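Asks: Residue numbers (my numbering), protein chains in the order written: chain A, 1 to 313; chain B, 1001 to 1290.
Heads up, a few of these hints could be off.
[Unchecked claim] Quick list of simulated restraints, FRET-style, between CB atoms:
1. A:R123 with B:W1119: 30 to 38 angstroms
2. A:P62 with B:S1172: 28 to 36 angstroms
3. B:P1236 with A:F5: 50 to 58 angstroms
4. A:E211 with B:W1119: 16 to 24 angstroms
5. B:A1123 with A:V107: 18 to 26 angstroms
6. A:I171 with B:A1064: 38 to 46 angstroms
7. B:G1148 with A:F65: 19 to 27 angstroms
8. B:F1058 with A:R59: 50 to 58 angstroms
9. A:R216 with B:V1037: 49 to 57 angstroms
10. A:A85 with B:W1119: 27 to 35 angstroms
Calculated from the structure, these hints are not laboratory results.
The structure presented is a predicted model; accordingly, all values stated were derived computationally and were not measured.
The beta carbon of each residue, even a glycine, is placed where N, CA and C say it ideally should be.
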Amino acid sequence: MLGYFLHRLALAFVVLLGLAVATFLILHLVPGDPVLQTLGNRATPESIATARHQLGLDRSLPAQFWTFVSHAVRGDLGYSLTLNAPVSDVVGGRLGPSALLILYGLVVALVIGVPLAIVAALRPNGVVDHGIRLITTFSFAMPTFWLGLMLALILGLWLKWFPVSGYDTGIGGILRTLTLPALTLGLSLATIVVRTLRSGLLEVLQTEYIEAARSRGLSERRVIVKHALRNAIMPTITVLSVNLGFLIGGTVVIEAVFQIPGVGSLLLQSVQRRDYELVQALALLAGAAVVLISLATDLLQAVVDPRVRLAGR
Amino acid sequence: MNAVAMPAAAEGVRRRRRLSLRGQPKSVLVGGAIVAVLVLAAVLAPLIAPYGQNELDFAQQLAAPSASHLFGTDDAGRDVFTRTLYGLRVDLAIVLFVTYVSLPLGVVAGAMAGYHGGWVDAAVSRITDVMVSFPFIVLVIAIVAIVGPGTKGVLIGVPIAGWALYARLARSEMLVLREQPFMLATTALGYTQRRAIFRHAIPNLIRSSLIYSTVDLVVNLMLLASLSYLGLGAQPPNAELGSVIAQGQSTLLNAWWVATLPGLVLVLFGVGVGLIGDGLSDGRLRGGRA
Chain A
1 MLGYFLHRLA
11 LAFVVLLGLA
21 VATFLILHLV
31 PGDPVLQTLG
41 NRATPESIAT
51 ARHQLGLDRS
61 LPAQFWTFVS
71 HAVRGDLGYS
81 LTLNAPVSDV
91 VGGRLGPSAL
101 LILYGLVVAL
111 VIGVPLAIVA
121 ALRPNGVVDH
131 GIRLITTFSF
141 AMPTFWLGLM
151 LALILGLWLK
161 WFPVSGYDTG
171 IGGILRTLTL
181 PALTLGLSLA
191 TIVVRTLRSG
201 LLEVLQTEYI
211 EAARSRGLSE
221 RRVIVKHALR
231 NAIMPTITVL
241 SVNLGFLIGG
251 TVVIEAVFQI
261 PGVGSLLLQS
271 VQRRDYELVQ
281 ALALLAGAAV
291 VLISLATDLL
301 QAVVDPRVRL
311 AGR
Chain B
1001 MNAVAMPAAA
1011 EGVRRRRRLS
1021 LRGQPKSVLV
1031 GGAIVAVLVL
1041 AAVLAPLIAP
1051 YGQNELDFAQ
1061 QLAAPSASHL
1071 FGTDDAGRDV
1081 FTRTLYGLRV
1091 DLAIVLFVTY
1101 VSLPLGVVAG
1111 AMAGYHGGWV
1121 DAAVSRITDV
1131 MVSFPFIVLV
1141 IAIVAIVGPG
1151 TKGVLIGVPI
1161 AGWALYARLA
1171 RSEMLVLREQ
1181 PFMLATTALG
1191 YTQRRAIFRH
1201 AIPNLIRSSL
1211 IYSTVDLVVN
1221 LMLLASLSYL
1231 GLGAQPPNAE
1241 LGSVIAQGQS
1251 TLLNAWWVAT
1261 LPGLVLVLFG
1271 VGVGLIGDGL
1281 SDGRLRGGRA
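Whenever a hint applies, use it, and build me the whole structure from the sequences.
Replies: Encoded structure:
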């Protein structure tokens, strides 16, 4: 168990380091000069040189990388020139709405996805299964922003149940302003939940212990909930954690649709204002979040399910 | 074992040449028809579009869908159907390019990693781990931020991030493939590694990547539409599906069609490709058997 933990931790560490290298390289090697982009046409050779010096761009790449990493480890992600504040403060103020949106979206995805997956798996290739398959084919093909607009049009503008933009705090405010965005995120994620959980359930339902449970005369409900679902849910959780990247990407788009002041809209602002330190920090944070969550799920899974930690032997 | 496998493989080749429409699963046929119609409409856009894509008509602002304006008009009186056709044309061209640039890059990297093992494998695998960890759209947005908004950012950004999944697929197939007798034979015959990988291994492992590329096409189309919705794609006044939809957002209440109908075209294309992909991954694409 300890061996597996250490191995998994080392792997996560390597990937985190790789993320730092990648975000750093993207900013330094991709064609296009940040300084020129920031200063625009008014730039004189002197002002370019000064800006380069201020940003430390006149030092060697390894030296710049070392500063970037050693600061990032201490939680110092740089300084946002356009917002005139440390990046960590700026991001901290925006995390709340985004985190709530992701959590709310997850809940929606599970509430919608799990029952549909169970119903579909109970009668594979039946009418209901085909119907659900058709619906997921459609929902998979819907761009998130368009789905958001359609929900805003129907539930917001026509039925007037929810406001179509803005963000409010407090339980009431969150329910009012985040329900449409969370529904958008949840519906697109539900597609993935339905497909993975359905195939997971189908596999489990064919095993001998399900047959054994049925032959012991347990009720179908008990067989499904207590025996089948419990074994099919772990792969679904893994898939959800793998799709955290998809969720984070979704919040970028959805926050733009509904004008929610979260990290996603911060990323767009920083791109529009050409605030490269902020872009770099946000890309790194998004990647790190994915790595850390998937590490946490893997470790959790190893604790819960001995097959995982013994598989490597 | 080889003696048995050889004729079957040869037969497979002959069958593939006589690929016929009959005997394909219904989902492949329906999906194929949808995609064919949309691709044809996009290619022929200049011929079949009833108006110019930037043709203004202030007498016809926000006109509802009708016989003369199938998808209605936007707030500048431009024909939404025309703009949708042109937008689809641009989007499909870009998506085809970025997807099928990513695929060979990833397949070659993955095949090399699987064939050589050792440090090559470790390096490629860790790099793919890193690329897969980034939320795709965040990575592409970051690259667009440096390159500058516009189509160029997407053309550079998507392949930088997109090859990784193909590399993973190709690597895992290669691990199985390299133990096969015909691959061992390439070593015994003294073929160069290059010949073994490119002539013998890749033709055998590329199928899974090609199947995955149907999903990837839709993913990239959604990504492209999202970027253009966010104002990071093709710059105005030229139409891209995402930007047409974005322009419709402000008039959503008065003119639902501007944002809705171009989006439906996107959905339709995604459904078509999805149906083909479903049929393919079920392994039911049949050649020659009527």
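Asks: It remains to establish, for every hint, whether it holds in the given structure.
Replies: Checked hints:
A C-beta distance of roughly 50 angstroms is found between R123 of chain A and W1119 of chain B, which places it outside the suggested range of 30 to 38 angstroms. Between P62 of chain A and S1172 of chain B the C-beta distance comes to about 34 angstroms, which sits within the given range of 28 to 36 angstroms. The hint said 50 to 58 angstroms for the Cβ distance between P1236 of chain B and F5 of chain A, and at roughly 53 angstroms that hint holds. E211 of chain A and W1119 of chain B have their C-beta atoms about 47 angstroms apart, which leaves the hinted 16 to 24 angstroms range violated.
In this structure the supplied range 18 to 26 angstroms is violated for A1123 of chain B paired with V107 of chain A, their Cβ-Cβ distance being about 40 angstroms. In this structure, I171 of chain A and A1064 of chain B meet the distance hint of 38 to 46 angstroms, their C-beta atoms being roughly 41 angstroms apart. Our hint of 19 to 27 angstroms for G1148 of chain B and F65 of chain A holds, since their Cβ atoms are close to 24 angstroms apart. For F1058 of chain B paired with R59 of chain A, a C-beta distance near 56 angstroms keeps the hint of 50 to 58 angstroms intact.
Checked against the hint of 49 to 57 angstroms, the pair R216 of chain A and V1037 of chain B passes, with Cβ atoms roughly 55 angstroms apart. Range check, A85 of chain A to W1119 of chain B: about 43 angstroms between beta-carbon atoms, so the 27 to 35 angstroms window is missed.
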